[in-house]
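Trainee: Each chain is listed here by its residues.
Protein chains: 2
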Amino acid sequence: MEARRWLKSQYEGVGLEASIDGVGNVLGRSKNPGKALLVGSHSDTQPTGGWLDGALGVIYALEVARALASDKATAGLPVDVVSFQDEESRFVGCLGSRSLTGALTPDMEEGAMDKDGISMADAIKQAGLAGAARVKLSRDRYAGFVEAHIEQGPTLEDTGNRIGVVTGIVGLRGIRFVFKGQQNHAGTTMMKTRRDASTALYELAHRINTEFPTAAAERTVWTMGRLKVEPNATSIVPGYADLDLQFRDASDAPLDALEKIAGRIVTEMNARGGVKIEATPARAPIPPTLMDEGLRKHLEAAAEKHVPGKWMRLPSGAFHDAGIISSTLPSAMLFIPSIGGISHDFAENSRDDDIVLGCQVLADAVASALTEGVRA
Amino acid sequence: MEARRWLKSQYEGVGLEASIDGVGNVLGRSKNPGKALLVGSHSDTQPTGGWLDGALGVIYALEVARALASDKATAGLPVDVVSFQDEESRFVGCLGSRSLTGALTPDMEEGAMDKDGISMADAIKQAGLAGAARVKLSRDRYAGFVEAHIEQGPTLEDTGNRIGVVTGIVGLRGIRFVFKGQQNHAGTTMMKTRRDASTALYELAHRINTEFPTAAAERTVWTMGRLKVEPNATSIVPGYADLDLQFRDASDAPLDALEKIAGRIVTEMNARGGVKIEATPARAPIPPTLMDEGLRKHLEAAAEKHVPGKWMRLPSGAFHDAGIISSTLPSAMLFIPSIGGISHDFAENSRDDDIVLGCQVLADAVASALTEGVRA
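Residue numbers (the working numbering), protein chains in the order written: chain A, 659 to 1034; chain B, 659 to 1034.
None of these hints come from the bench; they were simulated from the model. Accuracy of the hints is not assured; some may be wrong.
Since copy identity is lost for identical chains, a pair holds within one copy or between any two.
[To be verified] Think about it this way: if two alpha-carbon atoms lie no more than 35 Å apart in a straight line, the pair counts; the simulated DSBU-like pairs of lysine-lysine are: (1) Lys934 to Lys794; (2) Lys955 to Lys730; (3) Lys934 to Lys918; (4) Lys773 to Lys886; (5) Lys850 to Lys963; (6) Lys955 to Lys783; (7) Lys693 to Lys850; (8) Lys886 to Lys689; (9) Lys850 to Lys838; (10) Lys850 to Lys934; (11) Lys918 to Lys838; (12) Lys918 to Lys886; (13) Lys773 to Lys838; (14) Lys850 to Lys968; (15) Lys666 to Lys773; (16) Lys968 to Lys918; (17) Lys693 to Lys955; (18) Lys850 to Lys955; (19) Lys934 to Lys783; (20) Lys689 to Lys666; (21) Lys666 to Lys730; (22) Lys918 to Lys850; (23) Lys794 to Lys666; (24) Lys886 to Lys968.
All chains, full assembly: derive it from the sequences and hints.
Mentor: In C-alpha cells form, the structure reads like this:
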C-alpha cells in the first residue's frame, strides 16, 4: 500500500487525478478533453521474480504521461495511466483488470484465498480499501489500452530485434488424461496380461510429442510437465496414472488441430483395450486474443522510426492484463527484449538502452494514436 | 512369538527336536540318521497380505513330517522343517534364510530398521531372542531344501495346471535414468529451444516398451512404475526427471540383451544433445537361480503320479527363500495355483483340493528323494 500511495502521488505530480480503487488498482485520470488512451501494466511479480516484469510498463506509463504533458505539442492529449492489482494471482489472476472490465464475478471473489490462507476480503479490509469504489472502464471514455512489458522469452534477443509489437496473446487449452489399468506384482504378472497405466501414459505422451509438430504453427507450444503414477513404486505395475497436457497458440486453428490429434490417439489406444484412457478438458480454455490492428500500426510506425528494421511482430506466449482489457477496449502491447529470455527470476533484466528505447517508442505511439486517431 | 512357540510345540509333537533361533527362525530337527531334507517356507506376509503366502509351505512341511513319521515305510526318513523369519523385509528381505546360510552381514543388521523406526536389534531383544544361538545350515547334514508356495500369479490357473515345478527363480536388474534439462516457462519457451526432461523420459520409456519385446524371452518382464518429474507443474517445462526400470528373467541372456538395448537408446538420445540422460544400476542385481534338477525330478514324478499331464514347469517371477538357500543347498520349489493370480491381498486364496494335492505331491517327492537319493 505504501508503494501504491507513492505511485498515486507520482500520478498527481504529473497533473493527473489519482485514486486507489476498491481492489487496489492505482489509476491516474487526465483532465484533458476527448477520448483517452489508457496506458499501464501491473506492479506485482512472482515471489522470487525480477524487477522489470510488470513494473516496467507501470513506470513507462507514468513517464509517457509526464513527457507528453511537458511538451507543448502533446500537453493537451488525454492519457490515463494504471497499475493493475494482482496480475500474478495471489488471489485471482489479473484481479485488477478483471475488476475494471466487470469480469470479476462474485463467486471468484468468494473463494479467493492466498497460499497462506488469507482471504481476499480480509486482505482488502486490512489494506483499508473495503470502502473504496471499484472503478469500471467505459468505452465512452477510452479509445483504447496500451501495455508495455518485457518479452519474458528469448525471441527478440535471438533475432536481434529491439522492439516487439504483439500480434496477439496466445490462447491456452488443457487436457487431463486419466489412465485406468490394473495394479499388479512386477515379478509375477506377465507382460501380455498387464494393464500398466504408466506404459499407456508413456505411449500417449510420446505420440503427442511426435505427432503434434505435423499440425503445430510456428510458435505453437505444448507441455506435459505434471503427472502422477500410482502407487509409484519400482516393483509394482501401476494401476492408475494421470497427465496434464497444456497447449498454446495465438490462433484457434492449430489448437483445434492438436485437440483432434490428441483425441484420435486416445481413441486408437482405447480401441486396443487394456488400459482405459479418459480425456477431459483440464480447465476453461483461454481463447487467443488478437491485438487491435489500429493501435498496433502506431506502435509499428514508432518502432520503425526509432529502430528501422530492428523490430518485429510476435505473439505473446505468456498471458497479460491486455488479454483481459481487450474484451472491453481495443488493446495493444509492446515488448522489449529480456536478457537470456529470463523472467520470474532475480536474474530478470533488460539492457538499459532497450529500456529507454521502449519508452520512447511507446510515447510516440500514444501521441500519434491520440493525434491521428486509432483506426486500422 | 506366541505363534512361533505354538509352531515349535507342533514340531515337537511330531517327534522333532525344535528350537527358535537367534533371529526367530523356527526349526524342527529329525532324530533319524542320514542326510536330511529341509522342508519349509516363511510364516510372515505383507501387512494387508493373505493367509496362504508363506504359511502354506510352513504347514505343508509340518504335515509332511507328521505324515511320513506316521507311516512305517517312511518313519525312518530324516525330514527337518523350518519356518523362516522375515521373508517380506520388515527389517531385511529373507532375513531368516540369509542368517541360516551366513549371508546376513553385520552391516546389513547394523542399519536394519522397520518403517516405524524400530531397530532389528531392539526387536530381537524384545522378543527374548538376544541370547539365542543363530543356527547355520551345513551341507554335511542336508541333502537339500524343498519349499512349497502359492504361485502368486495366474499361470497355473490360466493353463489349467494344478501343480507347478519351479525351474528357477528369476533374476532382477534395475536401472535408474536421470534426465537433466532446463526448467522454463511453458508459454514463452519455444519448442525448438526447450530441453524438456519429461519429453526425454516419455521417449525413452516408450522406446524401451517398444524395443524390449524384440529381445525378451517368453517370461521376461519389465516395469517402469516409479518416476519423478520436477517441479511437476502443468505450466512449467520440467528441468529434471528420473525413472526406474526394473527387468526380470530366469536366465541372464535376455537380461544382458535388454541392458544393451537400454544402453543403446540412451546413447542415441544423448548424441542428439538437449536433455542429458544418465543411466546407473539402481541396485545390486539379483542373479537368476536355477533350481536343483535332481530334486525337481522327484517333484515332477510325484506331480505326474497324482495329476498326470496337469502339472507344468515354470520359473518363479517372485523372489523366495529358496533363492537364498540355493547358494548353500540343492533347492527346489513347488507351486500350487493362486485363484485369480491374486497375492499380497486379503483376497489371496487357493482351491481346497489344490491345497490338499500340493501337500500330497510334496510328501511323495520328499519321501522318494530321501529313499532313492537326490541325483539329476
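Trainee: For each hint, tell me whether it holds in the structure or not.
Mentor: Hints, verified against the model:
1. Lys934 to Lys794: Intra 48 Å, inter 51 Å, cutoff 35 Å: neither.
2. Lys955 to Lys730: within (24 Å within a copy, 108 Å between copies)
3. Lys934 to Lys918: both (19 Å within a copy, 32 Å between copies)
4. Lys773 to Lys886: both (22 Å within a copy, 24 Å between copies)
5. Lys850 to Lys963: So lysine 850 and lysine 963 pass the 35 Å test across copies only (32 Å; inside, 68 Å).
6. Lys955 to Lys783: Neither: 43 Å inside a copy, 85 Å across copies.
7. Lys693 to Lys850: Close neither inside one copy (71 Å) nor across copies (44 Å); limit 35 Å.
8. Lys886 to Lys689: Neither. Shortest intra-copy (56 Å) and inter-copy (58 Å) distances fail the 35 Å Cα cut-off.
9. Lys850 to Lys838: both (17 Å within a copy, 33 Å between copies)
10. Lys850 to Lys934: Classified as both: same-chain Cα gap 16 Å, cross-chain 32 Å, threshold 35 Å.
11. Lys918 to Lys838: both (22 Å within a copy, 31 Å between copies)
12. Lys918 to Lys886: Both: 24 Å inside a copy, 29 Å across copies.
13. Lys773 to Lys838: both (31 Å within a copy, 29 Å between copies)
14. Lys850 to Lys968: For lysine 850 and lysine 968, only the inter-copy Cα distance (23 Å) is at most 35 Å; the intra-copy one is 60 Å.
15. Lys666 to Lys773: The answer is within: 28 Å in one copy meets 35 Å, while 59 Å across copies does not.
16. Lys968 to Lys918: neither (38 Å within a copy, 51 Å between copies)
17. Lys693 to Lys955: within (18 Å within a copy, 99 Å between copies)
18. Lys850 to Lys955: For lysine 850 and lysine 955, the Cα distance is within 35 Å only across copies (30 Å; inside one copy 62 Å).
19. Lys934 to Lys783: Neither way: lysine 934 and lysine 783 sit 49 Å apart in one copy and 50 Å across, limit 35 Å.
20. Lys689 to Lys666: Intra 15 Å, inter 99 Å, cutoff 35 Å: intra-copy only.
21. Lys666 to Lys730: Within one copy, since 24 Å is at most 35 Å while 106 Å is not.
22. Lys918 to Lys850: both (30 Å within a copy, 23 Å between copies)
23. Lys794 to Lys666: Classified as within; 18 Å inside a copy, 85 Å across copies.
24. Lys886 to Lys968: neither (45 Å within a copy, 43 Å between copies)
Going through the hint list in order, the structure does not satisfy hints 1, 6, 7, 8, 16, 19 and 24.
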